[in-house]
Amino acid sequence: MSDYIITCCSTADMPESFFTEKNIPYACFHFTMDGCEYADDLGKSITNEEFYQRVKNGAMPVTSQVNAEQYETMFEPFLKDGKDIIHITLSSGISGTINSAQIARDEMAERYPDRRITVVDSLSASSGYGLLVDTAWEKMQSGCGYDELCAWLLSYRANLHHWFFTSDLSHLKRGGRISASAAFFGGMLNICPLMEVNQEGKLIPREKIRGKKKVIREIVERMKEHALDGTDYSGKCFISQSACMEDAREVADLVEQTFPKLDGPVMINDIGTVIGSHTGPGTVALFYWGDPRTV
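In my numbering, the protein residues as written are 551 to 845.
It should be emphasised that the hints constitute simulated quantities derived from the structure, not laboratory data. All residues carry an ideal CB built from backbone N, CA and C; glycine is no exception. One or more hints might be untrue.
Unchecked claim - Distance condition first, Cα-Cα at most 30 Å in a straight line; then the derived BS3-like pairs of lysine-lysine:
{"hint": "1", "residue 1": "Lys606", "residue 2": "Lys572"}
{"hint": "2", "residue 1": "Lys606", "residue 2": "Lys762"}
{"hint": "3", "residue 1": "Lys774", "residue 2": "Lys764"}
{"hint": "4", "residue 1": "Lys606", "residue 2": "Lys689"}
{"hint": "5", "residue 1": "Lys689", "residue 2": "Lys811"}
{"hint": "6", "residue 1": "Lys630", "residue 2": "Lys572"}
{"hint": "7", "residue 1": "Lys752", "residue 2": "Lys762"}
What the hints assert, rightly or not - Cβ pair distances, simulated, as ranges:
{"hint": "8", "residue 1": "Lys811", "residue 2": "Asp656", "range": "43 to 53 Å"}
{"hint": "9", "residue 1": "Asp631", "residue 2": "Thr570", "range": "16 to 26 Å"}
{"hint": "10", "residue 1": "Gly632", "residue 2": "Asp656", "range": "13 to 23 Å"}
{"hint": "11", "residue 1": "Leu778", "residue 2": "Glu750", "range": "28 to 38 Å"}
{"hint": "12", "residue 1": "Gly695", "residue 2": "Asp631", "range": "45 to 55 Å"}
{"hint": "13", "residue 1": "Val845", "residue 2": "Gly585", "range": "39 to 49 Å"}
{"hint": "14", "residue 1": "Glu698", "residue 2": "Gln807", "range": "29 to 39 Å"}
Generate coordinates for the entire structure from the input sequences, incorporating the hints supplied.
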């Protein structure tokens, strides 16, 4: 058995079975919607289906990050058990939760001076964050040591590509992320914004594409351009989606046709309630290993 564990947060947007089968502890973000607070606990407090239906009906959830006390509660049992910890956080370009994790790390270092906690900024989000955690776990299982894995994470985290598109501009308008006129004309013209997470872990727009069919082709073209070994890419590919499974399935089918050497079928996950509070419904995200992300 390894003398360390990997931990992360619920915003890795992986199914609960992923965490339980691999024994990866995770801390839950929270959000408030319609006057009630919920944990981002992988669909246990509120199903993704209900969440997105309420958002479609006009609800505007407000998210809150994991606080230091939550991290301490998660870390301490493993430190007591003699384990060191590598905690991988949601991108600092999206959330300040890394600060809470660092506060908890420093507090735990005083209580357990013989143990190590390393907090690693994933520069990733949703199932891209999940793919980074999954790959790190596989490396740990293959015998990768603590220091070696920390160094690998810092060296390769920006090689994990994140490309998103959305076909529903209404939530972006309600949240003030685009103007009412931009949403109106974008809807009239059937505009689907194509976005990327850059090397700083920030979500940035790349292109406004007219038509869902065209943006699906374009997101796979970007994978052909950036994936490790091009169409000979032999790594894993994850997709996450928010209440638009048909669109996600269409992207997955095109990826599997284009990249015949993939390591297994494309895994399609739900965009969870916290990430979904910002994307709204109608978002598809594609994740894979490739060349270093650009600004």
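Starting from the range 16 to 26 Å, see whether the pair Asp631 and Thr570 falls in it by beta-carbon distance. holds, 18 Å
A range of 43 to 53 Å was offered for this pair. Does it hold for the Cβ distance of Lys811 and Asp656? holds, 44 Å
Are Lys606 and Lys689 close enough, with their CA atoms no more than 30 Å apart? violated, 40 Å
Please verify whether Lys630 and Lys572 have alpha carbons no more than 30 Å apart. Since the Cα atoms of Lys630 and Lys572 sit roughly 20 Å apart, the hinted pair holds (cutoff 30 Å).
Starting from the hint 28 to 38 Å, judge whether the C-beta atoms of Leu778 and Glu750 obey it. Since the Cβ atoms of Leu778 and Glu750 sit about 21 Å apart, the hinted range of 28 to 38 Å is violated.
Has the hinted range 39 to 49 Å been met by the Cβ atoms of Val845 and Gly585? Once the Cβ atoms are compared, 41 Å apart, the range 39 to 49 Å for Gly585 and Val845 holds.
Verify the proposed pairing of Lys752 with Lys762, using a straight-line Cα cut of 30 Å. holds, 24 Å
Evaluate the given range 13 to 23 Å for the C-beta pair formed by Gly632 and Asp656. holds, 20 Å
Is the straight-line distance between the alpha-carbon of Lys774 and that of Lys764 30 Å or less? Since the Cα atoms of Lys774 and Lys764 sit roughly 15 Å apart, the hinted pair holds (cutoff 30 Å).
Using the Cβ atoms, figure out if Gly695 sits within 45 to 55 Å of Asp631. violated, 19 Å
Do the alpha carbons of Lys606 and Lys572 lie within 30 Å of each other, as the hint requires? Cα-Cα ~34 Å, so violated.
Regarding the pair Lys606 and Lys762, is the alpha-carbon distance no greater than 30 Å? The given pair, whose Cα atoms are some 19 Å apart, holds under the 30 Å limit.
Consistency note: the structure conflicts with the earlier hints numbered 1, 4, 11, 12.
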